[in-house]
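Residue numbers (my numbering), protein chains in the order written: chain G, 1 to 658; chain B, 1 to 203.
Keep in mind the hints are simulated off the structure, nothing from the lab. As the structure is a prediction and not an experimental result, all values here were calculated from the model. All residues carry an ideal CB built from backbone N, CA and C; glycine is no exception. Warning: the hint list may mix true and false statements.
[Claimed, not checked] For the chain B half of the interface with chain G, some residues (derived, Cβ under 8 Å), not all of them:
id, residue
1, 89
2, 91
3, 183
[Claimed, not checked] Straight-line alpha carbon distances no greater than 27 Å define the calculated DSS-like cross-link-like pairs of lysine-lysine that follow:
id, chain 1, residue 1, chain 2, residue 2
4, G, 121, G, 408
5, G, 264, G, 194
6, G, 657, B, 128
7, G, 652, G, 373
8, G, 437, G, 458
9, G, 180, G, 194
10, G, 121, G, 657
11, G, 223, B, 199
12, G, 256, G, 408
13, G, 373, G, 223
14, G, 652, B, 128
15, G, 653, B, 199
16, G, 648, B, 128
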Amino acid sequence: MIQVIRTLLPLVLLFGGFAVGQAAEKDKGLGDGHDGNRASITHLIELWDDRGKQIKSADAQPRPVSMRNTCGKCHDYDTMAAGWHFHSGSTNVLSGRVGEPWMLTDNRIRTQIPISNRDWKGTYKPGDVDLNAWKFLKKFSSHFPGGNYGEMAPSEDEEGEGDEEEVDTSEIFRWEISGKYEINCLACHHADRKQNQSDSALQAAKENYRWAATVGSGLASVKGTASELEDFYDPEFDGQKIITSYDKSRFDSENKVFLDIVRKPPSNRCYFCHSTQDLQTPGKDEWVHNEDIHMASGMSCSDCHRNGADHMISRGDIDPSKNPHDSDGYLKAYDLKKVASFSCQGCHMGNPGADDLAARMGGHLGAPVPKHKGIPPVHFEKLSCTACHSGRLPTESTARVRTARMHKLGRHGPHGRISPQLPHVITPVFARMANGKIGPHNMIWPSFWGTQTNGVVKPLAPNLVREIAPDELGMEIAEPERVNDWIELTEKQIGNVLNLIGEYEWELEEGDPKPEPVYVAGGRLYSLSNGLVISTKHDAAEPYKWPIAHDVRPAAQSLGSNGRCADCHDKDSPFIFGQVEVDTPIKPAEKQTVAMTKFGELDRSYFQMFAFTFLFRPWLKVVVIISSILLGMVLLLYALKGLDTVIKAAGKKVSSKQ
Amino acid sequence: MFQTISWVSLSLVLAGIVVHWIASPSSLLAKREAPDAGGRPSSGCGVGKLSTLACAVAFGSLFILFVTGFGGRLLLGEAIHGYTLMVHVGLAPVFVISAGVMLVAWSYQCGLNENDRRGLASLLCLRKTAKADTVNLAWKLTFWLAMALVVPVSLSMVLGMFPIFGTHGQETLLCLHQYSSLALTLVAMIHVYLVVRRKALCS
């Protein structure tokens, strides 16, 4: 009997395991569909930790919630992970329209480098500046949605570089302590006002990645800091040094927890990472600002920026007339016919290519059909909707903004009052977009130390520069003087640092040319020529800019509204003749600018002459109208005379017959 | 579409003029010339200096307007833009003013007299007409038609500069401007041809 049990037991266990696996697989993606009922689904759910164990209120040493295991019970986590927010690392599949990059800044060495794993011109891959997944998180995790770099195995991101030997073993241990930074589903979909991304950012700053989502949601508080623990910390032996304390009142008798999950994320959730602060009226004058007109009308971000289970959120860049990217990837990822219906044009004017009749008509959510009175249609061929409707109204010289991700806005309380001003984000810059139209952009001027080989410039990792030239860059000064937020850099300093970089012993393969040291700032490439610092133009020094669409201003505040041609066609119009600030640590006190026309690829003299003609436009109108009236009156006079002749002739004919 | 219509209509009118020139040389016209019943000069040969100047300016500016407006569209298929647009818009008021002066100066001479009216009535009723009744009719009619077309051509341009018409309205105005300009050009070509023939006859 015992032998029979011994024989059958493994089979029973195997079958049981298989059945459980099948059941779990069956539930996967259960929540990704829609049964047709519009009522929101109540998320009274079990919480699961990263080891697949259910979290219960009575647990002595509970672990933090794992989004993969909790949300993944009903939603297809891996499908979500392919969405825009989560796929920018090694799983990168699409570049899409250029967007706001991550910004690697080190003020002390006068460095600001746009970083992105997408193939955006002007950005550098994290690997180019020695950022592996771990270091990337250390830099950017405060406003990181999780997933991607947060879930990479320690060496996974470096395999592509063919440099596995350089994997820092210490980082492997740190990953174990900090845990994976899984996709934080709650950061977007948790409508509870208790959701606090500032707390998540604090946990990330402590390298408590595993805990970030749990603490941010308000489900638990955490004591302990992963970054302070030894590399060899092991909770099994050293005892729990990061203590998770759940709010027990949140658990019901079945250890289920109610989470106020919504399909459409509230705008408040988006704002944490996607806010922009206008620096013309910061701080106490913040209250004067209006919200985006769509928000003021009661809409939310996700009304236009929609997505399916794949989380490929529509970015508004595909309008009914054009897909500017012409990439097969885009065509695979998006149903262009549907996505285009939620662009500016799609909502307000309809998407003629849509299958759905309603989408062809436009007017989603009551979007008014614009009249554009007095605006010749040629404007719609040359300008994007955003050119007139979005961003800050242009002034003689560009303004500055701070963005949530670049300046780490939104961190409160224990974070302290950190208020970084660099990088200076210049706005609005009216530049040519991928679709050939002119639209407003935010822009930064990259500045970094680097090397040039065969004309290709690559930035140096900030830590390496600190190591090479600590004295020249004034590392020892505790509070260096700042001018226009920069620590000023002189040409002499540049020369000295370039010399030091030139003396650095690079690990070169045989036959490789020795890289030439360079510094990039303010649109110029600085290098040494016979011991002297010279500056030249170079693609690598070109500013990085990305199109913006928000805040959208009301129609009355749009450029050219109600026939105000002079908004753009005046000889001083900032839209065309504005000056774009050049931001550089070299002579930062001096006002350095570039003409706006350079970015719009416009012929300045032509537009000056064109603006000049607008001085005579009122005369032209008067002359043409008076002449037309005169012509009309003379024509009418002769028409009446002709009619008189016809009447007389007809009268004579009748009389003669009688 | 507009490009095709323009090419076809311009070709037809030019071809018509050439055929007419060959089929009906000036010598034949001289034989058909009849005294003007109303006692007014039967051709535009005797107009004053101002009207001659206005006439020259109007046709000169119309020619440049035609070249700038239709050149790019007909040859390259692209809409008018850049410096060409500036020249086009800059000349437009010159043309409209000179057209106004021309109308005032010429309208009396171009009025239809008894013969013309008889000829026109016969043509409208599809009756056979006396040659003397229609000899002056064509250039007079083309004059009035051209003048009538100047009004939509100029108004369709200037009204678009006021915040009255929306996008659809602007497109309609542009369409109206294009087609009325084409019609004006064609009528002006015929008129010039007829007047030049008469001028040749007078001299």
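Here is how each hint holds up against the structure:
| no. | hint | verdict |
| --- | --- | --- |
| 1 | 89 | holds (7 Å) |
| 2 | 91 | violated (11 Å) |
| 3 | 183 | violated (15 Å) |
| 4 | G:121 x G:408 | holds (24 Å) |
| 5 | G:264 x G:194 | holds (17 Å) |
| 6 | G:657 x B:128 | holds (23 Å) |
| 7 | G:652 x G:373 | violated (52 Å) |
| 8 | G:437 x G:458 | violated (30 Å) |
| 9 | G:180 x G:194 | holds (23 Å) |
| 10 | G:121 x G:657 | violated (90 Å) |
| 11 | G:223 x B:199 | violated (105 Å) |
| 12 | G:256 x G:408 | violated (34 Å) |
| 13 | G:373 x G:223 | violated (61 Å) |
| 14 | G:652 x B:128 | holds (22 Å) |
| 15 | G:653 x B:199 | violated (37 Å) |
| 16 | G:648 x B:128 | holds (23 Å) |
Going down the numbered hints, you'll see the structure goes against 2, 3, 7, 8, 10, 11, 12, 13 and 15, while the others check out.
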